[in-house]
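Trainee: In case you want the letters, here they are:
2 protein chains.
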Amino acid sequence: MLQQLLDAALHAPSVGFSQPWEFVLIKDPGVKQQVKNCFTIENDKATPAFETEKQTAYSRLKLEGIMEAPLNIAVFYKPSTRPVLGQASMKETGLYSVVCAVQNLWLMARALNLGVGWVSILDAEKVKRIVNAPEHNKLVAYLCVGYTDGFYTQPELELLQWEKRKAAEAAVYYESY
Amino acid sequence: MLQQLLDAALHAPSVGFSQPWEFVLIKDPGVKQQVKNCFTIENDKATPAFETEKQTAYSRLKLEGIMEAPLNIAVFYKPSTRPVLGQASMKETGLYSVVCAVQNLWLMARALNLGVGWVSILDAEKVKRIVNAPEHNKLVAYLCVGYTDGFYTQPELELLQWEKRKAAEAAVYYESY
Chain A
114 MLQQLLDAAL HAPSVGFSQP WEFVLIKDPG VKQQVKNCFT IENDKATPAF
164 ETEKQTAYSR LKLEGIMEAP LNIAVFYKPS TRPVLGQASM KETGLYSVVC
214 AVQNLWLMAR ALNLGVGWVS ILDAEKVKRI VNAPEHNKLV AYLCVGYTDG
264 FYTQPELELL QWEKRKAAEA AVYYESY
Chain B
114 MLQQLLDAAL HAPSVGFSQP WEFVLIKDPG VKQQVKNCFT IENDKATPAF
164 ETEKQTAYSR LKLEGIMEAP LNIAVFYKPS TRPVLGQASM KETGLYSVVC
214 AVQNLWLMAR ALNLGVGWVS ILDAEKVKRI VNAPEHNKLV AYLCVGYTDG
264 FYTQPELELL QWEKRKAAEA AVYYESY
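From first to last, the protein sequence lines are chains A and B.
Going by the numbering used here, the first sequence opens with residue 114, and the numbers climb by one from there.
Going by the numbering used here, the second sequence opens with residue 114, and the numbers climb by one from there.
No lab work stands behind these hints: they were computed from the structure.
Treat the numbers as computed from the prediction; the structure is a model and nothing was measured.
Keep in mind that a hint or two might mislead.
No copy is singled out in the list; a pair is fine if it fits within one copy or between any two copies.
Stated by the list, open to error - As a list, the in silico DSS-like pairs of lysine-lysine whose alpha-carbon atoms are at most 27 Å apart: (1) K140 x K191; (2) K277 x K149; (3) K204 x K277; (4) K251 x K204; (5) K204 x K158; (6) K279 x K241; (7) K241 x K167; (8) K191 x K167; (9) K241 x K204.
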């Protein structure tokens, strides 16, 4: 199954066929614990941003599964040392290519009934140091992968009424804004 | 089919269920021509970056289908005015959510035998002005959508030996770098 996840990621489209992705597969509880500590610090910083009545709901949310998930994957962007076709005017397309790989992996995981959680409440520079990533690499995603008790029929934050689903009409324009 | 493409995009995962995407559907040849002019200027700037022997190959590549494609889609990130769950430590996850939507749309297009080309040789600020986008929005992708004469069995840049496919082993690490 891991091979299928990685195959899906590695076959994502990428700017100039640069394939600028690197995946660090983490199972070691010691490494995970360092990342979990990083999450706790960032989460304590993030909580006060929400209105008081939302903070209780926030504290009950499942925001990570770092220790429980048998596999964590740190996904990095590795910039090319040569010019990349199509990347000169929009440098971010390198990062976007890595996101396409993550989304491919995520969809494959769902097809295999594997859960994937993308943990973004992390200090990217600290995670880089934890896995000894090269200086020029950039952390794009930190994923928790494993079996889950079940899948929701809607996004969890929609079910909990944290955010509403936007109407399609609100997101689509014709010819111009 | 357009509805299926948009449905796939609108059901992408997003940080904090923020759904920060906006899609401008462009069919007007006048609007397209302005974007095409923008491409030509950026492409003339990008070409000299490649080695002399690659410039001939570069000039033969199909890098955009702006005028030929019946539909162009400019995809924007619209930042939230409120704090977004999970976005405090990694602001870029807003942009990454929009990329997840693009990749979902792209896969749905392929399932419908529709071609999609992502044009990145553009000045994002100019495209913003062409479609009158709000100042705080950011152009993430410009897509050309339509029927195609055929699909390649491998990425075109791999077939043309512009870049080689990287070995999976080169992109996967265990526990740390």
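Trainee: Return the numbers of the hints above that this structure violates; sort them in rising order.
Mentor: Of the numbered hints, 2, 7 do not hold.
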